[in-house]
Amino acid sequence: MKLLVCVSKTPDTTTKIVFNTSNTELDTNGVQYIMNPYDEWYALVRALELKEIFGGTVTLINVGSTENDQVIRKGLAIGADDAVRIDLNPQSALSVAYQIAEYARQESYDLILLGKETIDYNGSEIGAMIAEYLDQPFISYASKLDIADGKTASIQREIEGGVEELEVETPFVVSAAKGLAEQRIPNMKGIMMAKSKALKVVAPAAFEDQAVAVQYTLPPAKSSVKMIAPDQMEELVKLLHEEAKVI
Amino acid sequence: MKHKTLKYKHMVLVFAESQKGNFKKTAFEAVTYGYKTAQALGTECVALALGTANNAADLGLYGASKVLHVADAAVDQIDGQVYAKVIADLSQQVGATVIVLSHTSTGKSIHGRLAARLGAGSVAGVNSIPTVDGGFKVKKGVFSGKAIAEYEIKSAVKVLSVMGNSLQPAIVGSAAPIEAIAVAIPASRIKVKSVSRIEGIVPLPEAELVVSAGRGLKGPENWGIIEDLAATLGATTACSRPVADVHWRPHHEHVGQTGIAIRPNLYIAIGISGAIQHLAGVNNSKTIVVINKDPEAPFFKAADYGVVGDLFEVVPALNEAIKKYKAAQG
Chain L
1 MKLLVCVSKT
11 PDTTTKIVFN
21 TSNTELDTNG
31 VQYIMNPYDE
41 WYALVRALEL
51 KEIFGGTVTL
61 INVGSTENDQ
71 VIRKGLAIGA
81 DDAVRIDLNP
91 QSALSVAYQI
101 AEYARQESYD
111 LILLGKETID
121 YNGSEIGAMI
131 AEYLDQPFIS
141 YASKLDIADG
151 KTASIQREIE
161 GGVEELEVET
171 PFVVSAAKGL
181 AEQRIPNMKG
191 IMMAKSKALK
201 VVAPAAFEDQ
211 AVAVQYTLPP
221 AKSSVKMIAP
231 DQMEELVKLL
241 HEEAKVI
Chain D
1 MKHKTLKYKH
11 MVLVFAESQK
21 GNFKKTAFEA
31 VTYGYKTAQA
41 LGTECVALAL
51 GTANNAADLG
61 LYGASKVLHV
71 ADAAVDQIDG
81 QVYAKVIADL
91 SQQVGATVIV
101 LSHTSTGKSI
111 HGRLAARLGA
121 GSVAGVNSIP
131 TVDGGFKVKK
141 GVFSGKAIAE
151 YEIKSAVKVL
161 SVMGNSLQPA
171 IVGSAAPIEA
181 IAVAIPASRI
191 KVKSVSRIEG
201 IVPLPEAELV
211 VSAGRGLKGP
221 ENWGIIEDLA
231 ATLGATTACS
241 RPVADVHWRP
251 HHEHVGQTGI
261 AIRPNLYIAI
271 GISGAIQHLA
281 GVNNSKTIVV
291 INKDPEAPFF
301 KAADYGVVGD
311 LFEVVPALNE
321 AIKKYKAAQG
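Residue numbers (the working numbering), protein chains in the order written: chain L, 1 to 247; chain D, 1 to 330.
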């Protein structure tokens with residue numbers, strides 16, 4: 001099977017979010033970057049498991065500058081065979097999807113996987129966009145994915161308050177939710193091998209962004225917590241009703 | 001000098017989601033959003049219903065001037081690829097310049113497809129009405145709720161998906177006329193084997209009231225007090241990641257960075273310390289109450305109200321206090 005895993009670089013969960021003085025960009029000083037957890041723990045690992053069953057290759061793809069190479073190498077250390085980076089700092093989700101689709105169009109992947117969302121932009125858009133550009137089905141929030149014969153996939157999909165069981169034929173695009181696979185930590189052998197695996201840098205295709213972030217703000221600071229004594233639950237109920245107006 | 005904001009005539013089209021043909025809060029929120037956006041643009045808001053539609057006229061209450069209805073059984077199955085083509089074709093037919101969807105599992109399977117298909121600027125998970133003077137701008141939460149980004153959309157057609165619980169549905173009109181509309185429907189490439197939903201509880205992503213608990217409960221056998229409190233409030237139960245990992249609670253209750261993100265009006269966190277990964281899933285809650293025996297628990301910094309005490313006493317006491325309050329309400 002020929003598998004493509006789309007990976008993103010995101011700030012670590014514990015990052016304190018600060019913007020530059022014009023509030024147009026994240027202030028990257030001191031920010032620790034990681035691979036988007038949904039891409040790393042679920043999409044990439046499931047792709048590796050499918051390769052272990054059916055044979056084939058797992059390719060990583062990322063849209064970004066050389067600053068992303070460290071995160072891409074981690075994916076290679078976890079077990080991907082090779083990687084492609086489209087050399088562009090994307091300004092919108094549609095731009096990322098367009099670049100990935102343009103590359104994938106030339107390569108005939110059986111399956112394209114990515115995490116259900118990125119932890120920085122939380123859009124859950126890119127998988128659907130790639131699928132539309134390639135005229136393929138897109139299944140989101142997959143928590144189980146099995147392929148019986150290398151062609152027909154059975155998927156369990158998370159929906160609000162329940163699950164769907166679906167069947168679809170390759171090629172298609174799928175986004176990964178918790179449960180699709182178990183996180184793998186790269187071992188020393190993987191880390192050593194990653195250094196010699198191919199990381200191809202490709203020039204981007206021409207594309208015009210239609211929706212761009214122009215300003216960032218921080219939410220209004222929460223006023224300090226109001227403490228209530230444990231024997232004063234009636235007081236808490238009164239506050240929830242009269243002050244917070246939530247009951 | 002007043003800038004002319006409209007280069008062309010606008011029209012807002014809202015795709016109203018239904019469950020088995022019934023339009024509920026999610027659809028009404030989307031229509032309210034579409035209506036308010038249409039007002040800002042000086043135009044009308046039209047709703048679109050696909051497949052079985054039992055109470056489509058209700059969409060008029062929330063501001064839809066009419067409901068376009070594709071009654072074909074072929075669109076009873078929710079397939080994002082099929083829906084995106086149908087909605088794109090209809091939006092072009094009616095001249096829609098803003099397409100509004102709900103930011104749900106269904107909406108997300110359509111939203112990105114519409115953007116790619118129409119070459120449209122799109123913002124997923126908007127949480128406020130667009131501003132239209134001097135450019136079309138709209139905000140959404142980013143960095144898992146830690147910040148707000150404002151996007152400018154330059155394309156003629158704009159696609160927005162509305163974050164659940166980010167605005168209250170508002171009744172502004174009366175029952176809408178329903179107009180049957182025909183459109184070519186492509187075959188679905190996805191076979192649905194089964195759909196199972198837990199009946200009788202509000203799913204966490206839609207819940208307005210949530211009672212959540214963590215390791216402070218010490219064991220799964222102690223969850224009765226949590227379930228009782230939730231039942232009294234009519235709340236949905238949730239939990240922290242550690243207790244889902246050890247199977248004290250089902251994984252669909254896990255809220256947090258790698259679990260479910262929620263936006264309730266009230267989030268009561270019991271015996272949860274408040275790690276950053278947990279906060280990332282709940283920091284969009286309107287009001288947070290933290291109950292913990294440790295006064296140093298980090299969660300108190302993110303709380304509106306805090307109680308330091310033994311949860312095995314506090315939770316039943318809170319339950320009784322709420323029962324008394326509800327009884328007094330009559």
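Take these hints with a grain of salt, some might be off.
So the derived label-pair ranges between C-beta atoms look like this [unchecked claim]:
id	chain 1	residue 1	chain 2	residue 2	range
1	D	328	L	184	33 to 41 angstroms
2	D	220	L	184	41 to 49 angstroms
3	L	217	D	201	32 to 40 angstroms
4	D	89	L	182	39 to 47 angstroms
5	L	148	D	71	30 to 38 angstroms
6	L	222	D	94	38 to 46 angstroms
Covered, in the sense of this in silico footprint (three residues per stretch, anywhere, with C-beta under 8 angstroms from a C-beta of chain L), are these stretches of chain D [what the hints assert, rightly or not]:
id	segment
7	35 to 47
8	51 to 64
Since the hints were derived computationally from the structure, they do not count as laboratory data. Beta carbons: idealized from backbone N, C-alpha and C, even for Gly.
Quick rundown of the hints versus the structure:
In this structure the hint that residue 328(D) and residue 184(L) lie 33 to 41 angstroms apart at CB is violated, the actual value being about 56 angstroms. Checked against the given bound of 41 to 49 angstroms, the beta carbons of residue 220(D) and residue 184(L), roughly 29 angstroms apart, lie outside it. Checked against the hint of 32 to 40 angstroms, the C-beta distance between residue 217(L) and residue 201(D) comes to roughly 35 angstroms, which is consistent with it. Look at residue 89(D) against residue 182(L): about 42 angstroms separates their beta carbons, and that is inside 39 to 47 angstroms.
A hinted range of 30 to 38 angstroms holds for the C-beta pair residue 148(L) and residue 71(D), which are about 36 angstroms apart. Roughly 43 angstroms separates the CB atoms of residue 222(L) and residue 94(D), a value that falls within the hinted 38 to 46 angstroms. Given as covered by chain L, the segment 35 to 47 of chain D fails the check, having 0 residues with a CB less than 8 angstroms from a CB of that chain where 3 are the minimum. A stretch counts as covered by a chain when three or more of its residues have a beta carbon under 8 angstroms from one of that chain; for the segment 51 to 64 of chain D and chain L the count is 0, and the coverage is violated.
Figure legend: structure checked against the earlier numbered hints; hints not met, in rising order: 1, 2, 7, 8.
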